[in-house]
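Whole structure, please, built from the sequences with the hints as guidance.
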Amino acid sequence: MTDKASLSTAISRGLRRRCPACGEGHAFRGYLKVVDTCSHCQTPLGAYPCDDGPAYVTMLLVGHLVIAPMFAFEFFWNFPLEIVVPVTLTIMGALTLLLLPFIKGGFLGLIWHHGLKRFR
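Just add 170 to the spot in the sequence shown (first one is 1) and you have the working numbering.
Since the hints were derived computationally from the structure, they do not count as laboratory data. One or more of the hints may lead you astray.
Computed list of lysine-lysine pairs in DSSO-like fashion (alpha-carbon distance at most 27 Å, straight line) [unchecked claim]:
| hint | residue 1 | residue 2 |
| --- | --- | --- |
| 1 | Lys-203 | Lys-287 |
| 2 | Lys-287 | Lys-174 |
| 3 | Lys-174 | Lys-203 |
This one's a predicted model, so the numbers in the text were calculated from it and none came from an experiment.
Listed below in structure tokens is the structure:
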């Protein structure tokens, strides 16, 4: 592949958990482990560090999606905290585990597009 993908293309390919360079090969092995090289275009995806950033963004996103409704249930509808807190924590945990691989893929696309390789 000689032409570099645009930023939006690289991020959207990453969000689909595909190689940001070609969009064909899988970018992940298992849940969150980035493959060393793309099976389709041989791009060294393991050289691009996307370690902590995706976790921070996922928690920021999930926090905004879940905490505001939690306050609404508590203050507007007077649901007891004994129900609201466990339900909210369960939803936050499930949503975090669901979104994290996709956000990590988007980060991989962003980092790949800018060429920010890990120093070894």
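*Hints the structure violates: just list their numbers, smallest first.*
The structure breaks none of the hints.
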